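Asker: Line order of the protein sequences matches chains R and S.
Heads up: the first sequence runs through residues 1 to 160, numbered per this note's numbering.
Heads up: the second sequence runs through residues 161 to 226, numbered per this note's numbering.
It should be emphasised that the hints constitute simulated quantities derived from the structure, not laboratory data.
These numbers come from a predicted model, not from an experiment.
It cannot be assumed that every hint is accurate.
[Unchecked claim] The list that follows gives simulated cross-link-like pairs (lysine-lysine, DSS-like), each with its CA atoms no further than 25 Å apart:
| # | chain 1 | residue 1 | chain 2 | residue 2 |
| --- | --- | --- | --- | --- |
| 1 | R | 128 | S | 186 |
| 2 | R | 146 | R | 157 |
| 3 | R | 3 | R | 101 |
| 4 | R | 105 | S | 210 |
Each chain, letter by letter, is given below.
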Amino acid sequence: MEKTIKVINELKKKGLINDYAIGGGIGALFYIEPFLTYDLDIFVVLKEEPDKVIIDLSNIYNYLQSKGYKWKGEHILIEGVPVQFIVADELEEEGIKNAKKVRYKGIPTKVLSPEYLIAIFLRTGRKKDIEKVERFFEETKINKRKLRNILKKFNIKWVK
Amino acid sequence: MGKMSKEIKICINGKVIKREDIFKRKDIFHKEQAKLPFEKKIEILVTLQKIARNVKGKKGIVWKIE
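Chain R on its own, in the form it takes in the complex (with noise of 0.2 Å):
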């Protein structure tokens, strides 16, 4: 995975993103036990661009298919690894903001952080996702007060 990573942050330094924070599955799989999943959620800030109604991600995928890496599905594949870039809202992006910075074999990358992951997962609401929610809890540290107040801000409930 560390070629992916590679790759995602050429997207930063190319200036095709403004920032980046891996989330999702992989996200919650570096705070908790692994369990299975199949790709990899890159939530990405792009250059502030206001007056934009459609957000047009063909840059990124133009740079990418140029490298000669393919679509499978929603997917983009990357280095053995099918990738998919999800532009941050107002939540994702302050967790970006705020993500973990980590080094996959070397090679920096970020991590959202377990309350932000939290979050995203409360309010999606799927049924895995509150499962990994309480995982979250039984697994490893929470900073309820930082979780309490994210809640509060971007108005989501738990609802056990």
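Assemble chain S onto chain R, guided by the hints.
Answerer: For chain S alone, kept in the frame of chain R given last:
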């Protein structure tokens, strides 16, 4: 007093273990797995994907990162 409130002990491979200790050990195991390095977790993930593909057939995706 019902049967469930009694302390149940189980003999496994010559060792006597309290039933509740089995669950405590499982809990500790899951917490330890959560603390594994990211790289190790990705290795486990690929193994899980291979297992899932064997169960599901050719449709399962396995990351080609080795």
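Asker: Each hint needs a verdict: does it hold in this structure or not?
Answerer: A quick look at each hint next to the structure:
no.	hint	result
1	R/128 / S/186	21 Å, holds
2	R/146 / R/157	15 Å, holds
3	R/3 / R/101	17 Å, holds
4	R/105 / S/210	22 Å, holds
Violated hints are absent here; each numbered hint is respected by the structure.
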